[in-house]
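In order, the protein sequences belong to chains V and Y.
Going letter by letter, the first sequence gives residues 1 to 115 in the working numbering.
Going letter by letter, the second sequence gives residues 1001 to 1171 in the working numbering.
The set of hints was computed from the structure by calculation and includes no laboratory data.
Worth double-checking, as some hints may not be accurate.
Only some residues are given here: those of chain V computed to face chain Y with a beta carbon under 7 Å [as the list claims (entries may be wrong)]:
{"hint": "1", "residue": "10"}
{"hint": "2", "residue": "62"}
{"hint": "3", "residue": "64"}
{"hint": "4", "residue": "82"}
{"hint": "5", "residue": "84"}
{"hint": "6", "residue": "115"}
BS3-like, lysine-lysine: derived pairs with alpha carbons at most 30 Å apart [what the hints assert, rightly or not]:
{"hint": "7", "chain 1": "V", "residue 1": "64", "chain 2": "Y", "residue 2": "1068"}
{"hint": "8", "chain 1": "V", "residue 1": "29", "chain 2": "Y", "residue 2": "1028"}
{"hint": "9", "chain 1": "Y", "residue 1": "1008", "chain 2": "V", "residue 2": "29"}
{"hint": "10", "chain 1": "Y", "residue 1": "1008", "chain 2": "Y", "residue 2": "1068"}
{"hint": "11", "chain 1": "V", "residue 1": "8", "chain 2": "V", "residue 2": "64"}
{"hint": "12", "chain 1": "V", "residue 1": "64", "chain 2": "Y", "residue 2": "1008"}
{"hint": "13", "chain 1": "V", "residue 1": "29", "chain 2": "V", "residue 2": "8"}
{"hint": "14", "chain 1": "V", "residue 1": "64", "chain 2": "Y", "residue 2": "1028"}
{"hint": "15", "chain 1": "Y", "residue 1": "1028", "chain 2": "Y", "residue 2": "1008"}
{"hint": "16", "chain 1": "Y", "residue 1": "1028", "chain 2": "Y", "residue 2": "1068"}
{"hint": "17", "chain 1": "V", "residue 1": "64", "chain 2": "V", "residue 2": "29"}
Positions of the beta carbon are idealized from the N, C-alpha and C atoms, including for glycine.
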Amino acid sequence: MSQYKYIKATGQSEGDLHLSDADNWGVSKSIIRVIRVITSSTDWDLYILQNDNGYAADDANIPKLQIMEAGNGDAAIYLDLPYEDEDASAEVHLYYLDNSGSNTVDIYIIGDNLT
Amino acid sequence: MSDYIFIKATGQSEGDLHLSGAGWGVSKSIIKVLRVVTSSTDWDLYILQNDNGHSANDANIPELQIMKAGNGNANIYLNITYEDEDASDEIHFYYIDNSGSNTADIYVIGLGLVDWLLKKLSVFSLGSRYPIQHLDSRYQVQAMGDRYSIKSLGSRYHVYSLPNRYQVKSA
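One chain only, chain V, in its complex shape (with noise of 0.2 Å):
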């Protein structure tokens, strides 16, 4: 039976982000439903990854996925997405780049659990 699951992530810099929620997401599969972004950022990019390796290394089974390009201002990106944390750490790795200077992003994930 599936369970709503959700992480908050405010104030996130540029780079390789492995977000995480003990309490509300604390599952290492799942599928991602939505993800919504809001920063002052004109022009962002964003990848899902599915380990710790990061956007360089990009060696998970999934290689990464681009989910935004030239993101301008808010944006709500709907997935229907499966999702293997293949740590099996229960986080959810992105990566992050502002291509227009260093804005910070608040992440917000909404999902519900596999096994």
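Following the hints, complete the assembly by docking chain Y onto the known chain V.
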């Protein structure tokens, strides 16, 4: 609850492809995302439901073209219920490169369907690492509202039901 499943198949040549892997292991699934990494500038991809390939195209469900004239890498988002009609836990594709003979890396992400229920299952209290009961392939488990229903295969009657403070996981 469904099972996360995936296949990673790199360096695939043109022709009929029969992909499988330890991360898949089911014959019935929902395929959510196909990711294709290739240098081809003109490629086609079909999905088929048995071993007999593009020429025969004799599965119960005929071949479905999911890409025409793809140019380079692509993410193909699907939400398609799929059965390997041979029951051999594979996904069958037909890949053709119209621009040359480039190989393709193919990644498939999906959810396991009925087969998962027929595997060995274990029941856990939420948050516990230790199972309180094992169920073998004689049982079926279904999510029903806020409970799990556990039945003997082929029976109409519940063996018992579990409230959702328990988790059921495949072994």
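Results of checking the hints against the structure:
no.: 1; hint: 10; verdict: violated, 27 Å
no.: 2; hint: 62; verdict: holds, 5 Å
no.: 3; hint: 64; verdict: violated, 10 Å
no.: 4; hint: 82; verdict: holds, 5 Å
no.: 5; hint: 84; verdict: holds, 5 Å
no.: 6; hint: 115; verdict: holds, 5 Å
no.: 7; hint: 64/V <-> 1068/Y; verdict: holds, 24 Å
no.: 8; hint: 29/V <-> 1028/Y; verdict: holds, 19 Å
no.: 9; hint: 1008/Y <-> 29/V; verdict: holds, 17 Å
no.: 10; hint: 1008/Y <-> 1068/Y; verdict: holds, 22 Å
no.: 11; hint: 8/V <-> 64/V; verdict: holds, 21 Å
no.: 12; hint: 64/V <-> 1008/Y; verdict: holds, 13 Å
no.: 13; hint: 29/V <-> 8/V; verdict: holds, 18 Å
no.: 14; hint: 64/V <-> 1028/Y; verdict: holds, 26 Å
no.: 15; hint: 1028/Y <-> 1008/Y; verdict: holds, 18 Å
no.: 16; hint: 1028/Y <-> 1068/Y; verdict: holds, 25 Å
no.: 17; hint: 64/V <-> 29/V; verdict: holds, 16 Å
When the structure is compared with the earlier hints, violations turn up for hints 1, 3 and for no others.
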